[in-house]
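K.L.:
Chains as they are written, first to last, in this note's numbering: chain A, 18 to 349; chain B, 300 to 594; chain C, 197 to 525.
Since the hints were made in silico from the structure, they are not lab data. Each hint should be verified, as a subset may be incorrect.
Claimed, not checked - With a straight-line Cα cutoff of 27 Å, these simulated DSSO-like cross-link-like pairs (lysine-lysine) come out:
no., chain 1, residue 1, chain 2, residue 2
1, C, 377, C, 271
2, C, 330, C, 313
3, C, 401, C, 324
4, C, 401, C, 294
5, A, 124, B, 482
6, A, 281, C, 401
7, C, 401, B, 328
8, C, 294, C, 271
9, C, 377, C, 324
10, C, 463, A, 281
11, A, 124, A, 147
12, C, 330, C, 289
Said to hold, decoys possible - Examples of chain C residues lying across from chain A (beta carbon under 8 Å, computed):
no., residue
13, 391
14, 419
15, 442
16, 469
17, 470
Each residue gets a CB set at the ideal place from its N, CA and C atoms; glycine is no exception.
The chain contents come next:
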Amino acid sequence: MSNVLEIRGLTKHYPVGGAFARSLLHAADDVSLSIAPGETVGLVGESGSGKSTVGRCILRLEEPTSGEILLNGESVVAATSSRLRVMRANMQMVFQDPYDSLNPRIKVGELVAEPLWLSGIMSRKEADRKVAEVFDLVHLPTDTPLRYAHQLSGGQQQRVGIARALATNPDLVVLDEPTSALDVSVQAQIINLLEEIRQRLSPAYLFISHDLSVVSNLSDRVAVMYLGQIVEVGPTDTIFELPGHPYTRGLISAAPVEHPAQQKERLTLLGEPTSPVDPKPGCRLASRCPFVEPKCREGELPLQEITPGHSVRCRRYVEEHVDGVWDPEPTR
Amino acid sequence: MAEPLTEGTTPVQVANRASGSEFWYLLRKNPVTLFGLIVVALLILMALFAPLLAPYDPYATDPRISLQPPSQEHLFGTGIWGEDIFSRILYGARQDLAIAFGAVAVALVIGCLLGAVAGYWEGFFGEAIMRVVELLQAFPAFILALAIAGALGPSFRNLIIAIAFTNVPIYAHLMRVSILSNKRSQYAMAAIASGNPHWRVLFRHLLPNSLGPIFIQSTLQPGYAILTAAGLSFIGLGVRLPEPEWGLMVAMGSSRIISGEWWVSLFPGLFIIIAVMGFNLIGDGLQDIFDPHRN
Amino acid sequence: MSDSVPGTTPLITIRGLQTHFFTQRGVAKVLDGLNFEIASGRVTGLVGESGSGKSVTAFSIMRLMRAPGRIVAGKIEFQGVNLLQLTEREMAKVRGEKISMIFQQPRASLNPVFTVKDTLLRVLRIHKGLSARKAQRAALEVLARVGLPDPAVVLNRYPHQLSGGMCQRVMIALAISCGSKLLLADEPTTALDVTVQFQIIELLKELEDETGLTQLLITHDLGLVAELCSEVAVMYAGEIVEQAGVHALFDQPSHPYTRGLLQSRPKPGARGELQSIPGRVPDLLAPPSGCRFHPRCPLAQSRCAEESPVPEIVGEGHWVRCHFWRDLV
Numbered sequence: 018m019s020n021v022l023e024i025r026g027l028t029k030h031y032p033v034g035g036a037f038a039r040s041l042l043h044a045a046d047d048v049s050l051s052i053a054p055g056e057t058v059g060l061v062g063e064s065g066s067g068k069s070t071v072g073r074c075i076l077r078l079e080e081p082t083s084g085e086i087l088l089n090g091e092s093v094v095a096a097t098s099s100r101l102r103v104m105r106a107n108m109q110m111v112f113q114d115p116y117d118s119l120n121p122r123i124k125v126g127e128l129v130a131e132p133l134w135l136s137g138i139m140s141r142k143e144a145d146r147k148v149a150e151v152f153d154l155v156h157l158p159t160d161t162p163l164r165y166a167h168q169l170s171g172g173q174q175q176r177v178g179i180a181r182a183l184a185t186n187p188d189l190v191v192l193d194e195p196t197s198a199l200d201v202s203v204q205a206q207i208i209n210l211l212e213e214i215r216q217r218l219s220p221a222y223l224f225i226s227h228d229l230s231v232v233s234n235l236s237d238r239v240a241v242m243y244l245g246q247i248v249e250v251g252p253t254d255t256i257f258e259l260p261g262h263p264y265t266r267g268l269i270s271a272a273p274v275e276h277p278a279q280q281k282e283r284l285t286l287l288g289e290p291t292s293p294v295d296p297k298p299g300c301r302l303a304s305r306c307p308f309v310e311p312k313c314r315e316g317e318l319p320l321q322e323i324t325p326g327h328s329v330r331c332r333r334y335v336e337e338h339v340d341g342v343w344d345p346e347p348t349r
Numbered sequence: 300m301a302e303p304l305t306e307g308t309t310p311v312q313v314a315n316r317a318s319g320s321e322f323w324y325l326l327r328k329n330p331v332t333l334f335g336l337i338v339v340a341l342l343i344l345m346a347l348f349a350p351l352l353a354p355y356d357p358y359a360t361d362p363r364i365s366l367q368p369p370s371q372e373h374l375f376g377t378g379i380w381g382e383d384i385f386s387r388i389l390y391g392a393r394q395d396l397a398i399a400f401g402a403v404a405v406a407l408v409i410g411c412l413l414g415a416v417a418g419y420w421e422g423f424f425g426e427a428i429m430r431v432v433e434l435l436q437a438f439p440a441f442i443l444a445l446a447i448a449g450a451l452g453p454s455f456r457n458l459i460i461a462i463a464f465t466n467v468p469i470y471a472h473l474m475r476v477s478i479l480s481n482k483r484s485q486y487a488m489a490a491i492a493s494g495n496p497h498w499r500v501l502f503r504h505l506l507p508n509s510l511g512p513i514f515i516q517s518t519l520q521p522g523y524a525i526l527t528a529a530g531l532s533f534i535g536l537g538v539r540l541p542e543p544e545w546g547l548m549v550a551m552g553s554s555r556i557i558s559g560e561w562w563v564s565l566f567p568g569l570f571i572i573i574a575v576m577g578f579n580l581i582g583d584g585l586q587d588i589f590d591p592h593r594n
Numbered sequence: 197m198s199d200s201v202p203g204t205t206p207l208i209t210i211r212g213l214q215t216h217f218f219t220q221r222g223v224a225k226v227l228d229g230l231n232f233e234i235a236s237g238r239v240t241g242l243v244g245e246s247g248s249g250k251s252v253t254a255f256s257i258m259r260l261m262r263a264p265g266r267i268v269a270g271k272i273e274f275q276g277v278n279l280l281q282l283t284e285r286e287m288a289k290v291r292g293e294k295i296s297m298i299f300q301q302p303r304a305s306l307n308p309v310f311t312v313k314d315t316l317l318r319v320l321r322i323h324k325g326l327s328a329r330k331a332q333r334a335a336l337e338v339l340a341r342v343g344l345p346d347p348a349v350v351l352n353r354y355p356h357q358l359s360g361g362m363c364q365r366v367m368i369a370l371a372i373s374c375g376s377k378l379l380l381a382d383e384p385t386t387a388l389d390v391t392v393q394f395q396i397i398e399l400l401k402e403l404e405d406e407t408g409l410t411q412l413l414i415t416h417d418l419g420l421v422a423e424l425c426s427e428v429a430v431m432y433a434g435e436i437v438e439q440a441g442v443h444a445l446f447d448q449p450s451h452p453y454t455r456g457l458l459q460s461r462p463k464p465g466a467r468g469e470l471q472s473i474p475g476r477v478p479d480l481l482a483p484p485s486g487c488r489f490h491p492r493c494p495l496a497q498s499r500c501a502e503e504s505p506v507p508e509i510v511g512e513g514h515w516v517r518c519h520f521w522r523d524l525v
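Work out the full structure, taking the sequences as your base and the hints as a guide.
P.N.:
What follows is the structure, given as structure tokens:
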């Protein structure tokens with residue numbers, strides 16, 4: 018079966034700095050990722066990792082510098098703006114800030130109806146009926162369509178955001194940190210809702226988040242991004258049980274314990290993420306990695322497949338692992 | 300030190316605009332603004348009911364009673380041709396308010412359109428628009444109005460055009476900045492992701508959310524418009540005799556102040572001040588009320 | 197009511213604290229008679245969602261409430277002194293020398309026009325009375341102490357030249373350099389990246405172990421509490437609904453809200469439905485009658501809407517504010 022989404026070598030650079038000291042911010046560098054129909058892929062990274070840039074490029078809310086993005090085999094990058102508007106019915110997005118993502122002066126029902134009649138799927142009248150249906154799907158009261166965003170709670174606002182994304186029955190929904198602005202108890206409601214929707218409508222999700230725990234709860238596969246590059250991608254279980262890349266290990270180990278009695282082996286990454294402006298050759302984690310060796314700072318590092326579906330961008334891991342296991346001594 | 304956030308307020312209460320009842324509440328706490336509103340309301344009433352309020356025909360002259368000081372028959376005295384100044388001031392409110400509102404409305408529509416388009420299409424197109432707007436702004440407002448009024452010839456309509464022109468840059472800039480910031484919001488991105496064509500993103504989604512600062516500015520602007528209108532009429536480039544216009548009336552009496560007939564200029568001048576002040580108080584007050592950093 | 201922690205003396209005792217918000221829509225009684233103690237030499241967690249009043253508690257202790265919020269009544273006793281009765285001048289001294297606070301946005305809490313040196317040396321000279329030379333040496337020491345590499349470089353930087361994590365370390369350095377007895381940490385890691393968050397938690401843990409610095413950790417994240425705290429108070433809609441030692445709270449959560457919070461956390465690497473708490477945080481302008489949690493509570497009965505529960509003792513140093521907590525156990 019062909020993939021819903023196919024990203025090949027997606028690169029997005031932003032020029033930064035003044036007219037003379039031109040620098041390039043590498044928001045995304047050679048990102049390749051595919052999503053099968055009905056699959057959920059988690060995209061994890063810290064701020065500045067480029068995960069949101071990837072999400073926005075997929076919907077062409079930003080123009081990629083280079084690379085190809087295929088939605089059901091059709092190029093998003095090359096689509097004309099009128100074709101793109103039609104294609105958008107098939108790829109939707111849920112945004113991080115539920116309040117900011119809803120227009121404060123338009124009733125939420127109208128916002129949800131918009132993609133339906135704009136894409137020409139149905140008339141405005143039919144769209145209104147469909148709105149009632151999707152609001153029911155996301156468990157919102159029947160009078161919600163007539164309300165404005167500020168009359169709803171944060172959780173309800175995000176349900177509207179999800180309803181809007183689902184209205185056109187898209188094959189792909191990009192979820193950009195959909196729960197990180199919400200309270201813990203509400204976050205769980207939204208995660209459960211997303212799972213429920215997946216079982217009923219089986220859209221493919223790209224779940225973008227900084228929180229590995231949240232991502233792992235929904236995802237079949239996880240891709241970890243660091244400073245614009247995917248450093249590891251693999252099935253969720255593999256990522257948690259046998260993480261290869263030191264950055265993935267650092268992320269997992271940095272998550273707080275679940276119980277005060279729990280003893281957790283910790284791998285501390287030094288310092289903080291550096292900036293993705295004019296990155297040096299070699300591994301981008303080199304300055305923070307406890308296992309760094311001189312060879313890590315040389316040449317381009319490819320993302321290498323270890324087992325089918327599990328790829329790691331780490332020279333030492335690729336060379337030294339035995340059946341996926343690699344327990345090096347810290348080099349500093 | 301960071302301000303303690305009012306934790307108790309869920310997004311339900313932090314609607315970014317003051318709703319109706321809240322607006323009145325704020326107004327009552329801002330007596331100065333309320334005063335400005337009352338002043339302007341009275342001026343509007345004055346203009347509307349001038350025929351009922353005026354004791355005399357504003358165009359009537361009577362050389363026998365020329366230059367009489369204020370008295371019971373002529374509340375504000377009479378002018379050079381024996382016209383009743385009080386009646387002319389009442390009718391003058393019609394002229395001055397119409398010019399002010401007319402000029403602001405024209406400037407608002409043109410300025411907002413230019414600013415919105417320039418803000419949305421930031422590239423070459425937007426830059427080109429803003430350069431032209433800045434060209435207009437490079438001249439002192441009054442000089443620009445003077446040049447335009449001079450070129451078009453003195454008339455009521457041309458006065459409105461001239462003043463509108465000087466106001467266009469203000470609205471264009473405000474609108475552009477407002478659109479620029481709203482354009483980066485998630486709801487704008489969501490609108491695009493929903494499949495909205497660009498014109499619809501701009502006019503349906505962004506524009507209504509960008510009108511706040513414009514609204515406040517447009518309450519300040521009529522005051523300045525009256526001042527400019529009076530100024531232009533004063534030097535003969537605005538409304539012409541025998542129309543009753545405050546600036547023109549001040550001009551008519553200006554040579555008489557030395558000879559002791561102060562009332563001819565003073566009363567219309569006073570009304571210019573009252574009107575300008577009224578609008579400014581409203582504008583300043585609204586700025587306070589709608590300031591997001593208020594709390 | 198016995199909410200004191202066994203075997204410790206409280207450093208701060210809050211009694212009947214009322215902090216209200218006077219808004220245009222009415223008075224929100226965010227804190228309405230709060231009783232709370234912070235045990236000396238330990239890290240106490242204050243857990244709650246947005247709107248629970250946890251930050252308001254900290255700002256009340258610091259007496260940094262700004263309009264429309266105001267402390268209306270109550271007592272905050274610190275080292276035998278009621279902070280609410282001090283003059284503003286005396287309180288400023290307490291804030292500089294005894295109690296420090298760090299915030300969610302570390303960069304925003306440092307003055308952008310001063311270098312780290314300006315800020316830090318000023319504190320050391322005023323509060324510790326050190327000479328310029330000694331202050332400089334002390335500053336370098338304290339920056340190294342909070343784990344900043346190259347203290348000499350950091351010293352001459354402006355806040356905008358430092359990362360979020362570094363700014364938070366500088367804030368912590370400021371707190372310990374003036375010899376604070378109590379550190380109020382308001383969501384100190386929420387704005388930081390995951391890997392950096394862990395570093396800051398480690399640092400706070402070290403400070404407790406090595407210097408016995410009393411800390412109040414205000415957070416929405418029970419994971420951080422498990423990492424760092426020995427005592428926990430769970431706050432809901434302005435009230436503390438449960439307080440316990442950290443092990444007791446995780447082993448035997450006795451309030452339905454605490455239990456809901458614990459169960460709604462996604463576990464790393466685990467799938468499946470999460471337990472969630474239905475509904476939403478109440479509007480404190482019109483809080484629910486009786487138990488404030490009852491509209492969302494799975495155990496709620498008619499009594500809960502009528503009668504506000506009083507604290508009941510579950511175990512040593514563990515109490516809960518629920519009529520039916522026994523049904524949960």
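K.L.:
Given the hinted pair residue 401 of chain C and residue 328 of chain B, is their Cα-Cα distance within 27 Å?
P.N.:
violated (49 Å)
K.L.:
Measure nothing beyond the straight line between the CA atoms of residue 330 of chain C and residue 289 of chain C; if it is 27 Å or shorter, mark the hint as holding.
P.N.:
Distance of about 22 Å is within 27 Å: holds.
K.L.:
Check whether the Cα positions of residue 294 of chain C and residue 271 of chain C lie no farther apart than 27 Å.
P.N.:
Satisfied, since the Cα-Cα distance of roughly 18 Å is no more than 27 Å.
K.L.:
Below or equal to 27 Å on CA atoms is what counts here, so check residue 377 of chain C against residue 271 of chain C.
P.N.:
Judged against 27 Å, a Cα distance of about 19 Å means the pair holds.
K.L.:
Residue 377 of chain C and residue 324 of chain C were given as a pair; does the straight-line alpha-carbon distance stay at or below 27 Å?
P.N.:
Given that 27 Å is the threshold and the Cα spacing comes to 14 Å, the pair holds.
K.L.:
Take the C-alpha atoms of residue 124 of chain A and residue 482 of chain B, compute the straight-line distance between them, and say whether it is at most 27 Å.
P.N.:
holds (19 Å)
K.L.:
Does residue 391 of chain C pass the interface check with chain A, least Cβ-Cβ distance below 8 Å?
P.N.:
For residue 391 of chain C, the interface hint holds, since the closest Cβ of chain A sits about 5 Å away, which is under 8 Å.
K.L.:
Would you mind confirming whether the straight-line C-alpha gap from residue 463 of chain C to residue 281 of chain A stays at or under 27 Å?
P.N.:
holds (14 Å)
K.L.:
Does residue 470 of chain C pass the interface hint, meaning its C-beta sits closer than 8 Å to a C-beta of chain A?
P.N.:
At 4 Å from the nearest chain A Cβ, residue 470 of chain C passes the 8 Å test, so the hint holds.
K.L.:
Does residue 313 of chain C sit within 27 Å of residue 330 of chain C, going by the straight-line distance between their CA atoms?
P.N.:
This hinted pair holds, its Cα atoms lying about 13 Å apart.
K.L.:
Holds or violated: is there a CB of chain A closer than 8 Å to the CB of residue 469 of chain C?
P.N.:
holds (6 Å)
K.L.:
If you draw a straight line from the CA of residue 401 of chain C to the CA of residue 294 of chain C, is it 27 Å or shorter?
P.N.:
holds (19 Å)
Hint check: a violation occurs at hint 7 only; the rest are consistent with the structure.
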